[in-house]
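Colleague: Full structure from sequences and hints, please.
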Amino acid sequence: AQSVAQPEDQVNVAEGNPLTVKCTYSVSGNPYLFWYVQYPNRGLQFLLKYITGDNLVKGSYGFEAEFNKSQTSFHLKKPSALVSDSALYFCAVRDKGSGNTGKLIFGQGTTLQVKP
Amino acid sequence: EAGVTQFPSHSVIEKGQTVTLRCDPISGHDNLYWYRRVMGKEIKFLLHFVKESKQDESGMPNNRFLAERTGGTYSTLKVQPAELEDSGVYFCASSFDRRNTGELFFGEGSRLTVL
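So the protein lines, in turn, are chains A and B.
Each residue of the first sequence is one higher than the one before, counting from 45 in the numbering used here.
Each residue of the second sequence is one higher than the one before, counting from 4 in the numbering used here.
Careful, some of the hints might be misleading.
Result set (DSSO-like, lysine-lysine): computed pairs, CA atoms no more than 30 Å apart in a straight line [unchecked claim]: (1) K140(A) / K66(A); (2) K140(A) / K57(B); (3) K121(A) / K47(B); (4) K18(B) / K140(A); (5) K140(A) / K81(B); (6) K102(A) / K159(A); (7) K102(A) / K18(B); (8) K93(A) / K113(A); (9) K47(B) / K18(B); (10) K44(B) / K93(A); (11) K113(A) / K66(A); (12) K159(A) / K44(B); (13) K57(B) / K113(A); (14) K113(A) / K47(B); (15) K113(A) / K102(A); (16) K57(B) / K18(B); (17) K140(A) / K93(A); (18) K57(B) / K47(B); (19) K93(A) / K54(B); (20) K57(B) / K93(A); (21) K44(B) / K121(A); (22) K140(A) / K47(B); (23) K54(B) / K66(A); (24) K102(A) / K44(B); (25) K159(A) / K93(A); (26) K47(B) / K93(A); (27) K47(B) / K81(B); (28) K140(A) / K54(B); (29) K44(B) / K66(A).
Just the calculated beta-carbon pair ranges, DEER-fashion [claimed, not checked]: (30) L126(A) / E17(B): 39 to 45 Å; (31) T8(B) / T96(A): 29 to 35 Å; (32) V127(A) / V53(B): 38 to 44 Å; (33) T96(A) / H13(B): 38 to 44 Å; (34) S56(B) / N85(A): 30 to 36 Å.
In silico contact screen, one side only, chain A against chain B (beta carbon under 10 Å); selected entries [claimed, not checked]: (35) Y80; (36) N85; (37) S117.
Source of the hints: derived by calculation from the structure; they are not laboratory data.
Backbone N, C-alpha and C define an ideal beta-carbon position, used for all residues, glycine too.
Modeller: Okay, structure coming up:
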């Protein structure tokens with residue numbers, strides 16, 4: 045069965061330090077992978093995606109993610125965290141069983157807390 | 004350009020009552036999705052419209068849930084009668100992406116509390 049796992053409910057980092065939010069997936073074949081962010085009282089917002097090509101994907105707000113096929117991971121990273129990065133982050137994979145649609149399978153979310 | 008809007012932002016009802024959630028997608032977006040997040044768990048797919056047609060409703064929990072998208076514009080999701088386990092945040096998302104790569108625009112969600 046297809047699935048996405050975010051092993052950490054919460055990640056705490058100090059402002060200016062690098063951050064990593066972990067995501068692993070289980071899907072056959074080549075996955076379409078996504079990161080979305082939800083700021084307080086806002087809707088989910090697309091950050092970045094991996095479909096094919098370079099394993100290091102760059103997205104909005106200085107975030108990047110590295111696709112690692114052998115480890116079936118797609119960790120979200122940022123070299124220097126900002127307090128304004130504090131939010132809820134969701135990793136997702138496109139459901140391959142649904143054909144060519146935007147149907148996504150989400151992880152349970154990771155709360156990122158960046159402290160000054 | 005207006006984003007995806009959802010109404011109401013929060014609804015509190017008693018078990019057995021009916022609630023209707025509304026979603027206005029971004030103008031011109033043919034694809035409209037409903038998702039739900041229950042009790043802080045993962046966000047789960049409910050259904051997908053392409054214009055006014057239901058493309059995939061495999062995620063709808065049971066027949067107490069009814070989604071419509073008349074005219075291919077806004078969509079409603081009705082829960083009748085509501086049960087305690089229906090509490091959660093209901094997200095609507097839309098996309099114009101004809102390749103359906105999964106880049107969706109989400110609304111702020113409608114929080115449903117069933118007492």
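Colleague: For each hint, tell me whether it holds in the structure or not.
Modeller: Going through the hints against the structure:
no.: 1; hint: K140(A) / K66(A); verdict: 22 Å, holds
no.: 2; hint: K140(A) / K57(B); verdict: 18 Å, holds
no.: 3; hint: K121(A) / K47(B); verdict: 25 Å, holds
no.: 4; hint: K18(B) / K140(A); verdict: 36 Å, violated
no.: 5; hint: K140(A) / K81(B); verdict: 28 Å, holds
no.: 6; hint: K102(A) / K159(A); verdict: 24 Å, holds
no.: 7; hint: K102(A) / K18(B); verdict: 46 Å, violated
no.: 8; hint: K93(A) / K113(A); verdict: 15 Å, holds
no.: 9; hint: K47(B) / K18(B); verdict: 22 Å, holds
no.: 10; hint: K44(B) / K93(A); verdict: 22 Å, holds
no.: 11; hint: K113(A) / K66(A); verdict: 14 Å, holds
no.: 12; hint: K159(A) / K44(B); verdict: 25 Å, holds
no.: 13; hint: K57(B) / K113(A); verdict: 34 Å, violated
no.: 14; hint: K113(A) / K47(B); verdict: 24 Å, holds
no.: 15; hint: K113(A) / K102(A); verdict: 17 Å, holds
no.: 16; hint: K57(B) / K18(B); verdict: 28 Å, holds
no.: 17; hint: K140(A) / K93(A); verdict: 15 Å, holds
no.: 18; hint: K57(B) / K47(B); verdict: 17 Å, holds
no.: 19; hint: K93(A) / K54(B); verdict: 25 Å, holds
no.: 20; hint: K57(B) / K93(A); verdict: 26 Å, holds
no.: 21; hint: K44(B) / K121(A); verdict: 23 Å, holds
no.: 22; hint: K140(A) / K47(B); verdict: 15 Å, holds
no.: 23; hint: K54(B) / K66(A); verdict: 36 Å, violated
no.: 24; hint: K102(A) / K44(B); verdict: 27 Å, holds
no.: 25; hint: K159(A) / K93(A); verdict: 27 Å, holds
no.: 26; hint: K47(B) / K93(A); verdict: 19 Å, holds
no.: 27; hint: K47(B) / K81(B); verdict: 17 Å, holds
no.: 28; hint: K140(A) / K54(B); verdict: 22 Å, holds
no.: 29; hint: K44(B) / K66(A); verdict: 16 Å, holds
no.: 30; hint: L126(A) / E17(B): 39 to 45 Å; verdict: 43 Å, holds
no.: 31; hint: T8(B) / T96(A): 29 to 35 Å; verdict: 33 Å, holds
no.: 32; hint: V127(A) / V53(B): 38 to 44 Å; verdict: 41 Å, holds
no.: 33; hint: T96(A) / H13(B): 38 to 44 Å; verdict: 40 Å, holds
no.: 34; hint: S56(B) / N85(A): 30 to 36 Å; verdict: 33 Å, holds
no.: 35; hint: Y80; verdict: 8 Å, holds
no.: 36; hint: N85; verdict: 7 Å, holds
no.: 37; hint: S117; verdict: 17 Å, violated
In this structure, the earlier hints numbered 4, 7, 13, 23 and 37 are contradicted, and the remaining ones agree with it.
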